[in-house]
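Engineer: Can you make the complete structure from the sequences, with help from the hints?
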Amino acid sequence: MRPCAPRQFRHGPTSPSTRSLGLRQLRSFQHSLEVRLQVARQIANDFHELVLVNGQALKALIEEEFGDGIMSAIDFDMVMERLADPKGDRVKISMSGKFLPFKYYGATGNAQAYGYKEE
Numbered sequence: 159m160r161p162c163a164p165r166q167f168r169h170g171p172t173s174p175s176t177r178s179l180g181l182r183q184l185r186s187f188q189h190s191l192e193v194r195l196q197v198a199r200q201i202a203n204d205f206h207e208l209v210l211v212n213g214q215a216l217k218a219l220i221e222e223e224f225g226d227g228i229m230s231a232i233d234f235d236m237v238m239e240r241l242a243d244p245k246g247d248r249v250k251i252s253m254s255g256k257f258l259p260f261k262y263y264g265a266t267g268n269a270q271a272y273g274y275k276e277e
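Numbering (our numbering), first residue to last: 159 to 277.
Simulated from the structure, these hints should not be mistaken for laboratory data.
Treat the hints with care, as some may be off.
[As the list claims (entries may be wrong)] Mimicking DSBU-like on lysine-lysine, the simulated pairs with C-alpha atoms at most 30 Å apart in a straight line are: (1) Lys217 <-> Lys256; (2) Lys217 <-> Lys250; (3) Lys261 <-> Lys217.
Structural biologist: Given below as structure tokens:
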């Protein structure tokens, strides 16, 4: 007795119409994913540019207001708001991070042990 050839169904999972439908769905998903990644990259690039251009000024303002230290990125909140504008809506982003003063080891005399601003 010889083995039977496997059956091929006309509209089964391997039919050409099903394969092309699956490929179209996959390509559509791939395209939408690429578009989302491009938008995410653009937003990340904009934030990166913002920090590169304004980072030193922001650091100086933080030090002027609080003293020597940094803003925590761990204990951190960020709020986004939409602001109506006749020229087009604007995005307002507020960042709130805990101030972490630098600790000076070996501070003697009148030198502060922490970088808080003197009143």
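Engineer: Give a verdict on every hint.
Structural biologist: Hints versus structure:
1. Lys217 <-> Lys256: Measuring from Cα to Cα gives roughly 14 Å; hence the hint holds.
2. Lys217 <-> Lys250: holds, 20 Å
3. Lys261 <-> Lys217: The hint holds at about 17 Å.
In this structure, every one of the numbered hints holds.
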